[in-house]
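Asks: All chains, full assembly: derive it from the sequences and hints.
Letter by letter, the chains look like this.
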Amino acid sequence: MKNAKKIVAVALASTMAVGMMAGCGSSGSKGGSGKSGDSEGIRVYNSKVEIQTQLEEMAKTYTEKTGVPVDIVVQASDGTVTTDLSTAYASNDPYSIAMVDAKDIYSLAKEHAVDLSDQDWVKNTDYSISVDDKVYGFPFCVEARGLIYNADAIKKVTGKDFDPSQYQTLDAFKGLLDELKKGGMKSPTGIMKEDWSLGAHYLAQVYEEQEDPDAFLKGLHDGKEKMADNTKFNSLMDTFDVLMENNYAKDSAISAEREVTEQKLAEGEIAFMFGGNWDWSVLNQYSPSDNMGMMPVPQDTDDGSNTKLVGGGSKYFFVDNSVSEKQQKESKDFLNWLANDAEGQKGLVTDCALVPAFKNNTVEVSDPLGKSVKSYADQGLLIPNYNYLPDDHFTVLGGEAFQKYLGGKSDRATFAKDIDTYWQKATLTEH
Amino acid sequence: MNRDKMSYKTSQFIMFAGPALLLFTGTVIVPLFYGLYLTFTSWDGISLSKPFVGLANYSAAFADTSYWQSLGKTFIYSFFSVIFINIVAFLLAYAVTSGIKGQNFFRAGFFIPNLIGGIVLGYVWQFVFNRAFTALGASIKGGTVPSLLSTESGAMFCLILVSVWQYAGYMMLIYVAGFMSVPEALKEAALIDGCTPGQALRKVILPLMRSSFVQCLFLSVTRCFVVYDVNLSLTNGEPYGSSELAAMHVYQTAFKHQQFGTGQAEALILFLICAVVGVTQVYVGKKGEVEA
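Protein sequence lines, in the order shown, are assigned to chains H and G.
Residue numbers for the first sequence follow the working numbering, so the first one is 1 and each next one is one higher.
Residue numbers for the second sequence follow the working numbering, so the first one is 432 and each next one is one higher.
Just so you know, not all the hints are guaranteed correct.
[Unchecked claim] Derived pair list, reagent style DSBU-like, types lysine-lysine, alpha-carbon separation capped at 30 Å: (1) G:K504 with H:K425; (2) G:K481 with H:K181; (3) H:K404 with G:K687; (4) H:K425 with G:K687; (5) H:K48 with H:K60; (6) H:K425 with H:K224; (7) H:K226 with H:K329; (8) H:K409 with H:K174; (9) G:K572 with H:K404; (10) G:K504 with H:K110; (11) H:K174 with H:K186; (12) H:K48 with G:K481; (13) H:K250 with G:K572; (14) H:K226 with H:K409; (15) H:K226 with G:K572; (16) G:K572 with H:K409; (17) H:K329 with H:K308; (18) H:K48 with H:K308; (19) G:K504 with H:K404; (20) H:K224 with G:K687; (21) H:K48 with G:K572; (22) G:K504 with H:K409; (23) H:K181 with H:K232; (24) H:K110 with H:K48; (25) H:K186 with H:K425; (26) H:K409 with G:K481.
Hints were generated in silico from the structure; no laboratory data involved.
These numbers were taken from a predicted model, which means no experiment stands behind them.
Replies: Listed below in structure tokens is the structure:
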């Protein structure tokens, strides 16, 4: 009897101890947002953390005008779009509108999204996402990537105004770098080592510049295509080698911090970095010069890809089909306001500093990188994003294989082989 | 009132243990079994349907070489962390119970790292390794010195160092309690009987403190095996995925690669390993415990 008691006591004590430890170790609360409870009002999930304050302001303006309360819920600091949405679904409290990435629209739309084909804004954009001929994704903004330059820093060394269109080939670009180095800029480039920058942006560009990315990836999957023999791969890697050679953090490329690199670029210590117009939010913290912009990645090619940035619609809203009819209607109204109302348009472009995805939004883009993107987009000089890469692509190839290359732990042949191996084993996303 | 009656015992149990049991069931037992169920499905985390796939996730987990590599690294990391955490904690405890001046101040000081959250701590140390140490190295050696975090073994070393720094103060408290629980009379008797202070420590104090060792080892082993926060903020698995420990790999698989089932299966394997190691260690440790 005494023994049994002891066992129970020990069991309970350890139960509680483990419980407490599990409590400490778990990822914490899932951001329990205050739910209003009544059917009025909509909840908007925001996965673009940096514009939360601006969105809240816009929501306030909207509520004052229409009387519909809009609650903007920001992505949990330890969350991803998937975890946040699945939490919302699991607790039976879905967002009326959710901001997700393009790939999520393809995987979510059929089960969760409302058909938006009949909406006014559809005709005003080239970037909406349709699945089975039904429009599900409302494009929030346009983003593109390329080489970010600091024209002031270049002018200071060369004495001439910088004209990016003269440096579309790698040879011309190399010439400029040599000139900069001779003029005293020790190492004119910076490289972000982040897995998304290497894997989802730079390496993805290799696929996106193929004539038919789908067929190319299928070829890699079937083993018919070999990365090492691919012209685009080699051409882009030639450029990458030049960037690596001139990297300010050449010896410790894989521990270079993004903030430091962007600070150097903003202050003109380096002149070039591969990135996108989203980098403005970081650059902007270091009082950058206004004479910055984006240019295509220089390549020795004549297929025109060195005259284009890569990009398109970024971040998509979908309206959830599990919220009430009334909320669905109110959600659609809110999206319409964003796309068509002068106040909504201004909020998006001026307050959030984004590039609009709608042709009828003519508010002038405020930041220099956004201006570049807008001008390339208006001229039709954007190579579209490839939105169907497997979810582990950027961590496996970007975070491991490409970082090894950047750190000098593998050569181009090994890297190419790593890519081949990955794709041979990968499951291609159907679309 | 008959205290042996079943109804009496049940009501007592519910009164004292009920709330904790309820919470524990809701936050640990139910998710555990739900997680177990998920390992038999190919759920992506969001979809409405959870297709049943049998043992496919387990074979995927067993075939996932990078998972086993990360598990191997977790073993190495845990091995060194546990040893150094406990050595450092014991020495600190010994120092702050020996009657030195301002020992309460030191106790508080050594404990403070544990009050900083792992995420913050990782970022702070990242700054130290990437900027402070490199600047220091550069000023001594001249030229540029690459950060420790940019090499594979360096990153692992940093992880261990930071963990030791974080947990040593916490374990120190347990050792301090252990030191204090040894009756003064026994220590005095040992010294009177002719023990040197070293002998007294080895032959009298240490055996009586055995339960502190068991607790500290158990806590540090289980914590090291499932470390995630420091791993995320200090190295994020870099360079090239070489410092990705098991818990982080599980997170990546489940949430980033959206393979909930496989991630769950891998988490379950980690849980089993952790449980076996922890329980064995407690069992072995408890067996030799002596009472004063």
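Asks: Hints broken by the structure, by number, lowest first?
Replies: The structure breaks hints 2, 7, 10, 15, 17, 21, 25, 26; every other hint is satisfied.
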